[in-house]
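**Student:** On the provided structure of chain A, position chain B as indicated by the hints.
Protein chains in written order, with the UniProt record's numbering: chain A, 1 to 448; chain B, 1 to 448.
Honestly, the hints are just simulated from the structure, not real lab data. By construction, the Cβ of each residue, glycine as well, lies at the ideal position given by its N, Cα and C atoms.
Cβ-Cβ distance ranges computed for the label pairs, FRET-style:
hint : chain 1 : residue 1 : chain 2 : residue 2 : range
1    : B       : Pro20     : A       : Arg434    : 39 to 45 Å
2    : A       : Glu418    : B       : Ala43     : 28 to 34 Å
3    : B       : Ala98     : A       : Asp224    : 17 to 23 Å
2 protein chains.
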Amino acid sequence: MSRASLAAITGEVLVGALIPERYRVDRSGHVPGGAPAVLVRAADVDDVRHAVGYAAEQGLSVVVRGAGTGLAGGACAGAGTLVLDVTGLDRILEIAPADELAVVQAGVSAAVLDTAAAEFGLRYAPDPASAAISTIGGNIATAAGGLRCVKYGVTADAVLGLSVVLADGRLLHTGRRTVKGVAGLDITRLFTGSEGTLGVIVAATVRLQPVPVDTVTVAASFADVTDAAAAASAVIAARVRPALLELLDEASLREARDLLGIEERAAGAFVVAQTDGFGARAEARLVADTFRQFTSRVEVGTDPATADQLLAVRRAALPALERHGRVLIEDIAVPRSAIAAAVQRITEIARRHDSRIHTFGHAGDGNLHPIIVVPADDPAAEGRATAAADEIFATALELGGTITGEHGVGVLKRRWLEREQGTAALEVQRSIRRALDPAGLFNPGKVF
Amino acid sequence: MSRASLAAITGEVLVGALIPERYRVDRSGHVPGGAPAVLVRAADVDDVRHAVGYAAEQGLSVVVRGAGTGLAGGACAGAGTLVLDVTGLDRILEIAPADELAVVQAGVSAAVLDTAAAEFGLRYAPDPASAAISTIGGNIATAAGGLRCVKYGVTADAVLGLSVVLADGRLLHTGRRTVKGVAGLDITRLFTGSEGTLGVIVAATVRLQPVPVDTVTVAASFADVTDAAAAASAVIAARVRPALLELLDEASLREARDLLGIEERAAGAFVVAQTDGFGARAEARLVADTFRQFTSRVEVGTDPATADQLLAVRRAALPALERHGRVLIEDIAVPRSAIAAAVQRITEIARRHDSRIHTFGHAGDGNLHPIIVVPADDPAAEGRATAAADEIFATALELGGTITGEHGVGVLKRRWLEREQGTAALEVQRSIRRALDPAGLFNPGKVF
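Bound-form chain A, shown alone (with noise of 0.2 Å):
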C-alpha cells in the first residue's frame, strides 16, 4: 500500500540528496538536524492524503511547506521528515462579491487573492509583510499578522472555514460560508494557527473586505520613543482607529532613513498612521492634532504617492538593518500601555548583552519587533543574541505580554511557551493533539 500510496501522487516525489536544501530551513535561522526523507510536491488534495499515508506506513513525520517564509523555524524539516510542498494547490476556487467571500487552495498567496478580489473592489485585509511571497496556507497555519490588522483582523479573524487532511488520511471540512454561525466546537480557529501539528491544510473559505473609500497618512517624528509611544497611546485614546498605527524607535529610523538617502534632520522615534473609510479625514484631523500635542514634525497625506512615501520609512526599517548582519526578527506583543517601558528595557537589555537591538513593530496593537542584528565578523555575537532575546521574551511576560504577536511559536520559542501558558494550558494542548493526531505525524518536536 505504501508503494501504491506513492506511485498515485500525481505531482513530483523527490527523494534523499535530490532535495533541495531550502526545504530544511525557513527564515528563522534555524538549521534542523539531518535532512528530509522524502518530498512530495502536491499536485492536488489527493496528493496530499496519499503522502500523509505513505509518511504514516513509513514512520516518516509529516512537514507541511508553503513558501517556507516562517520566522519561527515551524516550517523546518530535518531527519525523518516527509516534507510536504502544498504550493502547488494554488487556485482561487471562488470568489462570491456579494457574500464577500474567496475560496482558496492552500498555495494562494494573499496578494494574488487581494489583487483578484480588487476586481469586484474587495480586499483580502490580512497583510503579512511577506502577503506577496508567502502562501494563505501558511498565513493561516501561523495565524499571521500584519499593518492593517489594528483596524481589519489578523489572519484568524479572517478565516471562515477550511478544508483539512487529518492524520487517518480523511479530508475534513470545517467553518461555514456565512458570516455569523456557532454550530458546535469552533475547529476552524483550532486549526488556525496550529503551526502544522494538526492537519494539513489544503483549502480556506476566507473573508472579503471592501476596499475603504478613501485613505489619509499621517507621519510625525518625535524627540524620543516614550513621545512617539505616548503618541500612539494618545490616538487610540482619542478613539480613533487607524487602519495602521506604526512606530519606529530612534536607532530604527536613522538606520532606515540611512538607507533611503534621507538627510537626517533631528534625530527621534517615528510613528505613521493611516485611517480609511467614510471618516478617515476626520479621523487623520484628529491623529495630525494628537501628534502636534508632543511634536511640530507632522505630515500628513491623501494621495498614494504620498502614503508611498511617508510609509517608506518603516518599510525600509527591516532591510536597513540586514546591512549589518543577520537578523533576529523577534516578535513579542504587550498591552498598549506598555509599549514605551517595553521599548526602553529593550534598549537596556541591548546594553547589557553588547548587542544591536533596534525596535519598531505595530504601536496600535502593542505588537513589537525588536531586531537584534548579529554580525558576520562577531563569532560572539549569536551567543549574546540569543540571551539578549531571551530577556525581551522574559520582559514581554513581566509586561502583561506575550512572547509572540504573529510569527508563531514554530521551534524558536517552544521552551517559553509553558512559561507563557502555564502547564494546565499546555497539557490541554497536546491533549487536544493527542486527539487528532495520536501517532504525532504532523510536525514533531514543534510547538509544544
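**Tutor:** Chain B in isolation, oriented as in the chain A frame:
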C-alpha cells in the same frame, strides 16, 4: 472526600425537591426528563472546583447555569445532574482603559459591564438581546451574537482570555491581555461556544471598544421582503459598514406596529440601519440614498430619541408575536445573497405546515430569526411547528447556511449538527471533548 467537597462549599447547596423548578429549563421551551439531584450556587472559584469534584465522584454530570436565558436547551438540567449556578461570581475584577480590556467573573451581565466601561468612554460591544439579564459566562459559552456585531464582531471576537475549571478540577487560564497573540493553539476560542461541554468558564478577559463619536439611524419601509433584502444587500455592496442592519418581514412589521399602536400606513417590510463613528453621517447619507432606490419611505434620525423610535419596531417584533402563543425562536444564518430566498422559502414552509411563522433578523450578517408561533388552543400546532422548523433548518443548509447563527446547538439542534458539518467534523469535536473530559462530566447529551 466527596462529603468534604460539599462541606467546603461556601455558597449554597440545595438537593432534590428544594431545587427551584426553573433550573430544569431555559428559554427554549425544552423540558428535560427528571430533575437535578444537587444545586450548587457557587460563591467563588473554589466552590466551582469543589462542586465539579463532588459531581465526578458521585457520578453526576455537571450543568453550568448562568441566567438560564439560552434558546437551545443547552443549560437545561434533568435527572442525574448537579446544577452549578455561577451567577454569584458577579464581580468586575478590572477595567484597564488604556488597554481597552476588562477582566470579569462569569456571572457579570454584559449590560453591567457596558455601564461600568462607559465611565471611561468605552463599551463592551457584543449586545445580545438578553444583555440586561444574561451573563457574560453564558454569552461566552454560547458564543452569543447581537445586533451590532455586524460591525463590531460577536462575543467570540471580544474574548481575549478565559479562566476555566476543567473536569479534573484544575483551574486553566487561557489567552492573553494583548490585542494580538498567537502562542499555541487557540484554546480560548475552543472554549468559547462550547456550550458547557468542555469546562466551567469562571472568568474572562474581554476587549472593550470606544463608544462611537456619532451615531445615525436610517429606517425604511419597502413594498415587500424581496425589496427589503435587496436594499440591505445594496447597502453592503455600497461599502457601508453599518453598526446594525435589521430586517422585518411584512407580518413581523404589521404585528410590531400593532403592538406599538402605530397606525399602519402601507403594508410592507422594514429595514433599519445604524451607522456610527467618524464617518457616520456620510455612511448614513449613502444608506438613505441606497434605500431610496427601492422605496420613498425613508426616515433618518441623528439624536438618541429618534433612534429609539426608529428601532422600536424592531424591538417590538418578538413581544408582538408572543401575544399569539408560545414562540419557537429559530436562528438560521445564510450567505447574505440568500436572505430574500430564505425569507420566501420560510413563508412557503409556513403555508405548507399551516403554521404562523414571521421572520426578522440581522440582514447585515444573514442571521435570520424565523419565529414560529404555537397557539395554546391548538393541540396539533406543536407537531406542525416542529416539522416546519426541520424544513427551515434544511432550507438553511440548502442555501449554504447554518442551523444556528448565534443561539447554539444545545439539545434542540443536536441531530442537525452532523448534517451540517459532516461525520469527520463531528468526530473531531467528539475526540476533543473526550480528550478534555474523558468521563463526559460536562453537559452530556448536549451539542454532539
